[in-house]
Each structure stands twice: as structure tokens, then as C-alpha cells.
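*Asks:* With this note's numbering, the residue at position 136 of the sequence shown is 1479, and numbering never jumps.
Hints were generated in silico from the structure; no laboratory data involved. Wrong hints could be hidden among the right ones.
Pair ranges (Cβ atoms, derived) [stated by the list, open to error]: (1) Arg1358 to Glu1474: 35 to 45 angstroms; (2) Phe1464 to Lys1421: 15 to 25 angstroms; (3) Val1522 to Arg1420: 30 to 40 angstroms; (4) Arg1376 to Phe1464: 13 to 23 angstroms; (5) Arg1477 to Arg1420: 19 to 29 angstroms.
In silico lysine-lysine, DSSO-like type, Cα no more than 30 angstroms apart, as pairs [said to hold, decoys possible]: (6) Lys1534 to Lys1380; (7) Lys1523 to Lys1534; (8) Lys1380 to Lys1363; (9) Lys1451 to Lys1363; (10) Lys1421 to Lys1451; (11) Lys1534 to Lys1507; (12) Lys1507 to Lys1363; (13) Lys1507 to Lys1530; (14) Lys1507 to Lys1371; (15) Lys1380 to Lys1507; (16) Lys1534 to Lys1451; (17) Lys1371 to Lys1534; (18) Lys1363 to Lys1530.
Yeah, the Cβ is synthetic: ideal placement off N, Cα and C, and Gly gets one too.
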Amino acid sequence: MPSPRKTRTKTPLRRWRESKAAQRARGKEIISRLREKYPNAAAELNYGSAFQFLISVILSAQTTDVTVNRVTPNLFRKFPTAKALADSSQAEVEDLVRQTGFFRSKAKSIRVASAQIVDEFNGEVPRTMDELLRLRGVARKTANVVLGEAFGLASGVVVDTHVKRLAQRLGLSEATDPVKIERDLMKVLDKEDWIFAGIAIIWHGRRVCDARNPDCDTCELNNICPSSTSPTRPTRSPFTAKL
């Protein structure tokens, strides 16, 4: 007889009433603690150039970095540059990226984006948000990841499913739209922390603040997170009284 399935309860979202200054102070402390926990936080995709990183990020939609890292060595061995990938056939690229899911759409996107890079940007990955957004398969999340990881440029904060979840749980945004969440995070966090914040929050979401079973008791943020279920969670923002 199969064992009964565990009932999972949704972690309630809570917010503290706090001033913008208190929220910013708390945001600064969140980043400080994440820096201590994840000093080497970085993208977990393997790549050899900005172009290869861009392609890897496009392929990572709706799949894991582990899967992408299994696929890209053969892809980049055969098509190491934008020109090579732009000149490829749809069928051969589909076959190489099949494991990542949505392989027909992804193959089309990376081939068209490669052709755009060759035709419009002299074969080089563009370094501005507006230019990156012109590429097939690139939205703000992908553009922010590429600008931050490949070029060290902070144009915004990466917002994926983990960042969306943690921004809400941490009381840094009430929005559900990724663009609005990004805007809220850019107001709360110092610009110098934008690149690190996106990556570190993703790491924390994967390792600690799980969507269904967040490990609040061992979380380094449990006493500054309004949604924490840990007994250490205060009933009001610990930063309000300090300001």
C-alpha cells in the first residue's frame, strides 16, 4: 500500500508596517547576511564567452541549469560563435537542445538572436538593456542576468520565480508582476547590490526558502522576515525602532 502523501501548507505572506527608511535598512541587512552566506554567488551556467552565456540563459527557461550544462558543450563545440549558430539549420539545433524542453521554440530563438547579433551588432553581444531586448528570446530577466554576469553592469535586478517568491515573503514587494517587483527592489536595494541580490536570492530560494517547504528555522533571515514561521520572528519590523 503506498504511503499517504504529505499535506503541504502554503506559507502565509505577512508584512510589517514600516517606513520606507526602515524597509531600506532591512533590505541592506538582508543583502549583508546573504553576502556572508553566499560569498561566491554566481550564475551556475557554464560558458566561455558572453555570447555563449546569453544562449545558455535563453535555453534555461523552464528547465534547470544542470540540464542546460549537459546540452551546451556539444552545442558550442559545433557552433561556438554567433555567426556559426546563425548559419546553422533549425533541425540540427533542435536536435542538440531537445533535452531543455520547448526545443523548437528555443532553437528558433537562439538562431534568430545569433543572426541579429551578427547583422545588427557586428557579432558582439550588446551591452545595454534596450539593445538586448531587441534580441529574439530576450526579456528583462535574461537581459539583467547577461548584463550583470557577463559585463558587470547593473541595469536592474533579476526577477525569476525564486526572486518573485522571496521578494513577497520578505515583504520587499507586494506586486505579482515581475517588472513591478523589479521596480520595488530597485527602490529598496542599493544599486551596488543589484547584481549580487538577484543571484543570491535565487541561490537562497533554491537552497533554503523552498516554494513549498521553506526551512525557516535555520534560515539566516528568519528574524528579519515577516513571513517566517520561526519562533525568532518578531511581531514588528526590528528596524522601525532604530530609525
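*Asks:* Can you list which hints this structure breaks, lowest number first?
*Replies:* Hints 4, 9 and 16 contradicted; others consistent.
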